[in-house]
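Build the full structure now, drawing on both the sequences and the hints.
Order-wise, the sequence lines are chains A and B.
Note that our numbering has the first sequence beginning at 10, numbered continuously upward.
Note that our numbering has the second sequence beginning at 10, numbered continuously upward.
If you are wondering where the hints come from, they were derived from the structure by calculation, not from laboratory data.
Take these hints with a grain of salt, some might be off.
[Claimed, not checked] Straight line, CA to CA, 25 Å or less: simulated PhoX-like cross-link-like pairs of lysine-lysine:
no.: 1; chain 1: B; residue 1: Lys15; chain 2: B; residue 2: Lys69
no.: 2; chain 1: A; residue 1: Lys69; chain 2: A; residue 2: Lys168
no.: 3; chain 1: A; residue 1: Lys33; chain 2: B; residue 2: Lys33
no.: 4; chain 1: A; residue 1: Lys69; chain 2: A; residue 2: Lys33
no.: 5; chain 1: B; residue 1: Lys168; chain 2: B; residue 2: Lys69
no.: 6; chain 1: A; residue 1: Lys68; chain 2: B; residue 2: Lys15
no.: 7; chain 1: A; residue 1: Lys69; chain 2: A; residue 2: Lys86
no.: 8; chain 1: B; residue 1: Lys15; chain 2: A; residue 2: Lys69
no.: 9; chain 1: A; residue 1: Lys142; chain 2: A; residue 2: Lys86
no.: 10; chain 1: A; residue 1: Lys15; chain 2: B; residue 2: Lys15
no.: 11; chain 1: B; residue 1: Lys142; chain 2: A; residue 2: Lys15
no.: 12; chain 1: A; residue 1: Lys200; chain 2: A; residue 2: Lys168
no.: 13; chain 1: B; residue 1: Lys86; chain 2: B; residue 2: Lys68
no.: 14; chain 1: B; residue 1: Lys15; chain 2: B; residue 2: Lys33
no.: 15; chain 1: B; residue 1: Lys86; chain 2: A; residue 2: Lys15
no.: 16; chain 1: B; residue 1: Lys142; chain 2: B; residue 2: Lys168
no.: 17; chain 1: A; residue 1: Lys142; chain 2: A; residue 2: Lys68
no.: 18; chain 1: A; residue 1: Lys68; chain 2: A; residue 2: Lys86
no.: 19; chain 1: B; residue 1: Lys168; chain 2: B; residue 2: Lys200
no.: 20; chain 1: B; residue 1: Lys86; chain 2: B; residue 2: Lys142
no.: 21; chain 1: A; residue 1: Lys86; chain 2: B; residue 2: Lys15
[What the hints assert, rightly or not] Restraint-style ranges between C-beta atoms, simulated for each label pair:
no.: 22; chain 1: B; residue 1: Pro28; chain 2: A; residue 2: Gln65; range: 26 to 34 Å
no.: 23; chain 1: A; residue 1: Val186; chain 2: B; residue 2: Ile180; range: 48 to 56 Å
no.: 24; chain 1: B; residue 1: Ile196; chain 2: A; residue 2: Glu191; range: 19 to 27 Å
no.: 25; chain 1: B; residue 1: Gly29; chain 2: A; residue 2: Ala62; range: 25 to 33 Å
Glycine included, each C-beta is placed from N, C-alpha and C at the ideal position.
Protein chains: 2
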Amino acid sequence: MESSSKYLQNAVDALSSLPGIGRKTAMRLALHILNRSEEEVADFANAVAEMKAHIQFCKKCFNLSDGELCAVCSSPKRDRNMLCVVEDIRDIIAIEATHQYFGRYHVLGGVISPMDGIGPSDLHIEELLVRVKDENITEILMALSTTLEGDTTSYYLSKRLSEFGITLTTIARGVSVGDNLEYADEITLGKSIVHRVPYETSINSQN
Amino acid sequence: MESSSKYLQNAVDALSSLPGIGRKTAMRLALHILNRSEEEVADFANAVAEMKAHIQFCKKCFNLSDGELCAVCSSPKRDRNMLCVVEDIRDIIAIEATHQYFGRYHVLGGVISPMDGIGPSDLHIEELLVRVKDENITEILMALSTTLEGDTTSYYLSKRLSEFGITLTTIARGVSVGDNLEYADEITLGKSIVHRVPYETSINSQN
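Structure representation (structure tokens):
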């Protein structure tokens, strides 16, 4: 996939360094970008460069932020006594999109994974304990992946947090809304039976 | 897919403007870029911006080029009497990768497509005729798509070029190397029978 222009080659190299983008796709993207106006291309390059230059991590919850505190932490409308613990910034975006959570967040920056050499000290767990002590937290919702690593991390957190006498919850596991029962895997279906909810509750929470 | 940072949002908007990249993928790419060093991100942004700033079209063949003439046109090693007519710059890259073509190129910039409002005057056809007159061309290889539009364009070119008395060829259509006969479509298989080649020739050209 050699081209006659070294500038094109450099752009293709840069684009194909992104995850999931091979050299053919990178070439297609580069030629697409070449067809735009100079101004549009400058805007594109600036958007990427400025993101790196200006974004910082919220010093409270480690969410991405344009200032010292992120939009969630600095909002007076959010419940200050509830924290949702997530693995990653993307999880916050997914949860915010539901419009069903009104507390604040705490980003761990990963999950405990001995295979990858990630222990509790590599995550923002001590900072979480400090927040629990200082911020009068009454409930922590653990929204971690249902994987071995996610479950291990939830378990570790539950042990570390037990002394504070706060309510610990995890997000419900069950059959996806709109899914046929026959296509649900048996563990999920089993959990959805064990953790069944009163019909009235289920009706009221639909939206 | 709203994020708490407008810089992140701008970068996601920019990345998702690329063809085939949706907002979720763009977010994944943006977060990946965020994890790189400042220098790496600056290199990335520069590679894209510099491509647009420096690339020009070869004034002879309309290939992408870092100077007035592209690497192929300015190479003394390429056959100056043979031209390969292609639709797009990507076709040149594909043909160069075969190491089987030693002449020069002419990029049409598309194919004749009345449905899309593209007529002969929107393509670099007049420039091709000028080259045929001026450059002592003896053979033109038409390497266009086997679509209605590609075939129409080849036919149009053959009419316009007939007066020059040069050899007009098109690339061979046939069963792909490594393909099972049973999976080849019948038109391709039919063409491969009509345009069968002597066994000796076929052996010698294998590589």
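26 to 34 Å as the expected CB spacing between Gln65/A and Pro28/B, which holds or is violated: holds, 32 Å
CA of Lys142/B to CA of Lys15/A, is that 25 Å or under? With a Cα-Cα distance of about 31 Å, the restraint between Lys142/B and Lys15/A is violated, given a limit of 25 Å.
Gly29/B versus Ala62/A beta-carbon gap, inside 25 to 33 Å or not: holds, 27 Å
Pair hint outcome, Lys15/B versus Lys69/A [Cα-Cα no greater than 25 Å]: Judged against 25 Å, a Cα distance of about 19 Å means the pair holds.
Could you grab the alpha-carbon distance between Lys86/B and Lys15/A and see if it respects the 25 Å cut-off? holds, 20 Å
Holds or violated: are the alpha carbons of Lys142/B and Lys168/B at most 25 Å from each other? With a Cα-Cα distance of about 15 Å, the restraint between Lys142/B and Lys168/B holds, given a limit of 25 Å.
Under the criterion that the straight-line Cα-Cα distance not exceed 25 Å, is the pair Lys15/A, Lys15/B satisfied? Violated: Lys15/A and Lys15/B sit about 33 Å apart, past 25 Å.
Range hint 19 to 27 Å: satisfied by the CB atoms of Ile196/B and Glu191/A? Violated, since Ile196/B and Glu191/A (Cβ atoms, about 42 Å apart) do not stay within the stated range.
For a C-alpha distance cap of 25 Å, please report whether Lys68/A and Lys86/A respect it. Between Lys68/A and Lys86/A the Cα gap is close to 19 Å, so the pair holds against 25 Å.
Are Lys33/A and Lys33/B close enough, with their CA atoms no more than 25 Å apart? holds, 21 Å
When you check the alpha-carbon spacing of Lys168/B and Lys200/B, does it fall within 25 Å? holds, 23 Å
Straight-line alpha-carbon gap Lys69/A to Lys86/A, limit 25 Å: holds, 17 Å
In this structure, the earlier hints numbered 1, 4, 10, 11 and 24 are contradicted, and the remaining ones agree with it.
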